[in-house]
Amino acid sequence: MPAIQRNMDPKKCPMPSQDPNVRNKNFKEVALGYTADMAVNEAKRCLQCKNHPCRTGCPVDIDIPGFIAKVAEGDFEAAYQILSASSALPAVCGRVCPQENQCEGKCIRGIKGEPVGIGRLERFVADWHRENVHTPVTPPAPNGHKVAVIGAGPSGLTAAGDLAKMGYKVTVFEALHVAGGVLMYGIPEFRLPKDIVQNEIDGLRALGVDIETNMVIGKVLTIDELMGEYGFEAVYIASGAGLPRFMGIPGESLKGVYSANEYLTRVNLMKAYLPDSRTPIKKSRKVAVVGGGNVAMDAARCAKRLGAETVYIVYRRGMAELPARKEEVEHAEEEGIIFKTLTNPVEVLSDDNGCVRGMICVEMELGEPDASGRRRPIVKQGSEFELDVDTMIMALGTSPNPLIRHTTPGLDADKHGCIITDGPDGLTSRPFVYAGGDAVTGAATVILAMGAGKEAAKAIDKAIKAKAGEA
Amino acid sequence: MFKIAKKRSLNPTVTEMSIEAPLIAKKAKAGQFIILRAKDDSERIPLTIAGTDPVAGTVDIIFQLVGAGTMQLNTLNEGECLHDFVGPLGKATEIDGLKNVCVVGGGVGCAIALPVARALHAAGAKVTGIVGFRNKDLVILEDEFRACCDELILVTDDGSYGQKGVVTAPLEQCIQNGANFDEVIAIGPLIMMKFVVATTKKYNVKTVVSMNPIMVDGTGMCGGCRLTVGGKTVFACVDGPDFDGFEVDFDEAMQRGTMYRDFEAHAREEQCNLLNQEVK
Chain L
1 MPAIQRNMDP
11 KKCPMPSQDP
21 NVRNKNFKEV
31 ALGYTADMAV
41 NEAKRCLQCK
51 NHPCRTGCPV
61 DIDIPGFIAK
71 VAEGDFEAAY
81 QILSASSALP
91 AVCGRVCPQE
101 NQCEGKCIRG
111 IKGEPVGIGR
121 LERFVADWHR
131 ENVHTPVTPP
141 APNGHKVAVI
151 GAGPSGLTAA
161 GDLAKMGYKV
171 TVFEALHVAG
181 GVLMYGIPEF
191 RLPKDIVQNE
201 IDGLRALGVD
211 IETNMVIGKV
221 LTIDELMGEY
231 GFEAVYIASG
241 AGLPRFMGIP
251 GESLKGVYSA
261 NEYLTRVNLM
271 KAYLPDSRTP
281 IKKSRKVAVV
291 GGGNVAMDAA
301 RCAKRLGAET
311 VYIVYRRGMA
321 ELPARKEEVE
331 HAEEEGIIFK
341 TLTNPVEVLS
351 DDNGCVRGMI
361 CVEMELGEPD
371 ASGRRRPIVK
381 QGSEFELDVD
391 TMIMALGTSP
401 NPLIRHTTPG
411 LDADKHGCII
421 TDGPDGLTSR
431 PFVYAGGDAV
441 TGAATVILAM
451 GAGKEAAKAI
461 DKAIKAKAGE
471 A
Chain U
1 MFKIAKKRSL
11 NPTVTEMSIE
21 APLIAKKAKA
31 GQFIILRAKD
41 DSERIPLTIA
51 GTDPVAGTVD
61 IIFQLVGAGT
71 MQLNTLNEGE
81 CLHDFVGPLG
91 KATEIDGLKN
101 VCVVGGGVGC
111 AIALPVARAL
121 HAAGAKVTGI
131 VGFRNKDLVI
141 LEDEFRACCD
151 ELILVTDDGS
161 YGQKGVVTAP
171 LEQCIQNGAN
181 FDEVIAIGPL
191 IMMKFVVATT
201 KKYNVKTVVS
211 MNPIMVDGTG
221 MCGGCRLTVG
231 GKTVFACVDG
241 PDFDGFEVDF
251 DEAMQRGTMY
261 RDFEAHAREE
271 QCNLLNQEVK
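Read top to bottom, the protein sequences are chains L and U. 471 is the number that my numbering gives the last residue of the first sequence; the numbers go up by one with no jumps. 280 is the number that my numbering gives the last residue of the second sequence; the numbers go up by one with no jumps.
There could be a bad hint or two in this list.
[What the hints assert, rightly or not] A few chain U residues facing chain L, derived, Cβ under 10 Å: (1) R37; (2) S42; (3) T233; (4) A267.
If you are wondering where the hints come from, they were derived from the structure by calculation, not from laboratory data. All C-beta atoms in this analysis are idealised placements derived from N, C-alpha and C, irrespective of residue type, glycine included.
Based on the sequences and whatever the hints tell you, model everything.
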């Protein structure tokens with residue numbers, strides 16, 4: 001076989017995407033994806049380093065040089081097989097992973113130019129497979145063991161997929177009416193189309209995973225019942241961090257103040273952006289989204305698309321400290337979102353009808369680094385000013401849901417409500433009960449949650465086999 | 001899918017359905033609620049559970065045809081299925097240790113007051129029921145209340161049935177006559193609960209109210225159902241729906257309840273048009 005001709009272009013092949021002034025008025029996907037030629041060309045930028053640093057940056061340990069080599073050869077299906085061996089949701093990861101801090105952050109090509117577009121290639125391969133390969137999946141031979149997974153978000157789905165591939169009979173219990181968790185209710189359609197999420201979930205069903213929606217574990221069934229009369233030998237808790245935080249400032253109960261969770265759930269899960277949706281959402285003129293993470297960017301970009309004239313991101317630190325993915329910040333700026341950094345709201349103002357008519361903010365400056373290593377924001381004295389808005393969306397982070405913790409005796413949690421686990425395996429204070437993802441870490445990323453699901457699946461397999469004397 | 005085992009009309013604007021949901025029927029307690037979606041494009045509607053039959057595996061819901069969602073729900077008939085039905089959500093009403101209780105129900109809120117009255121009766125408490133309706137045609141569940149109340153006082157706004165007036169008058173009279181209630185449990189429109197609390201506060205009779213704010217998921221995720229209780233923000237779906245009536249900020253709750261009034265009016269009109277077309 002002839003050696004692949006390397007592409008030494010210092011820059012990534014640009015991602016074709018919708019024009020910012022068109023896309024900020026629709027909910028179609030922003031990035032359009034590489035063509036096959038672009039993908040092959042970009043794959044040829046990979047140096048196939050022997051020590052593959054990219055791989056050490058991947059929470060689910062994808063054989064990155066391996067799949068990229070196959071793309072460079074034009075064998076996209078072989079590339080997909082490598083990807084799917086490690087990731088249950090490649091079409092999702094290619095779109096939402098913070099690659100700049102992970103695989104691409106470690107890429108050698110990134111030293112003297114831009115790293116290889118690993119995320120874009122992953123997305124291309126997963127999309128290519130979905131569009132071109134329709135061979136039905138054969139479920140593996142059952143091994144006779146039953147595992148329950150609580151929560152059909154990225155962590156639970158990953159654990160379910162890995163366990164199903166090992167022959168376990170897996171049932172996933174989901175509280176909402178559709179599976180997908182944050183992939184469905186949180187991340188907007190224009191960043192992660194919902195039929196792509198459902199396609200990945202259909203793949204898990206084809207592997208034999210049962211998904212039971214409308215099941216709030218802790219209410220309709222407890223973990224003790226699942227492990228008792230229902231005969232599940234182990235449970236993986238991946239119930240996420242769904243409880244929204246508010247600031248505790250005056251006026252937060254006014255009409256027009258949303259948690260980002262509520263705003264995004266109305267828009268994404270309940271499809272309030274469609275003209276015939278039965279779920280209402282406020283038609284806003286001027287919106288302030290408080291916070292600087294991915295969720296804040298998503299909420300701001302949704303508000304813009306729903307027709308708001310002006311949308312602010314209000315963040316108490318500076319641009320450099322924004323915790324959101326770089327690409328999301330860039331996309332938001334291109335779409336006309338205004339960043340009011342070093343700004344913090346102190347009061348929400350009411351009109352005569354109990355609706356938001358503005359908010360009082362203070363300017364901030366950065367002081368000494370705090371415990372998180374980030375410079376602590378300090379209020380500038382006498383800097384109060386009023387911002388004219390009619391809607392305020394609080395994207396300040398979320399805490400784990402207490403429902404399971406409160407109904408499972410002997411399940412230990414810390415003072416933030418995060419379930420305590422013993423090391424990366426995810427074993428909790430209860431035997432055969434594992435936990436991972438945001439339920440353990442507090443709000444983090446899709447890919448870290450998936451990594452935790454993978455580790456837990458391995459640990460559950462080991463524990464069940466050891467108990468059954470099959471190891 | 002959740003089959004409608006039984007459906008009956010309680011009055012021209014209120015419908016009762018028994019839904020096949022065996023797991024929920026086994027667990028649900030008085031005061032808890034469910035969330036349903038009639039069809040796969042419907043909104044999520046929270047409804048407090050009106051009764052359960054753990055043996056038959058059914059959960060009863062009673063709803064008023066107030067908006068597009070409940071009108072759409074009412075188009076489904078016996079034998080058809082609800083797309084989604086999840087619960088039991090929220091905390092159950094606390095009835096332990098209560099010996100002498102007044103249960104106050106207003107309008108369709110009586111549907112939720114009934115299981116509480118029944119549970120208290122079953123636990124051996126003396127139950128005084130005070131139920132109020134706008135007029136005779138809108139009276140529901142009278143026989144059911146009589147069966148579990150030691151005394152039942154029925155009032156209508158216009159006096160077309162029972163005593164004329166609102167629930168607070170007989171409530172105050174009972175208290176003045178030395179009824180000596182351990183607790184008053186009030187379930188109905190916000191304005192009714194606000195005035196019940198204003199009445200009982202004068203006599204310092206502990207009063208529990210069941211709040212029913214706008215919500216989406218019902219599991220603590222959206223925060224849309226937040227209320228101010230005792231100066232603190234709480235979520236009705238996970239911290240309630242029952243709260244100490246003396247502590248609830250009713251004015252704020254009433255304001256928040258009007259958030260989508262325009263949308264709802266429009267949606268109701270659309271749904272009516274849709275139903276009219278189907279009739280034609």
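Here is what the structure says about each hint:
Evaluation of the U/R37 hint against chain L yields a held restraint, the C-beta minimum of about 6 Å falling below 10 Å. The interface hint given for U/S42 holds, since its Cβ lies 6 Å from the closest Cβ of chain L, which is under the 10 Å cut-off. Contact between U/T233 and chain L, as hinted, is supported at the beta carbon level, the nearest pair being about 6 Å apart and thus within 10 Å. Checking U/A267 against chain L by beta carbon gives a least distance of about 7 Å; that is within 10 Å, so the hint holds.
When held up to the earlier numbered hints, the structure conflicts with none and fits them all.
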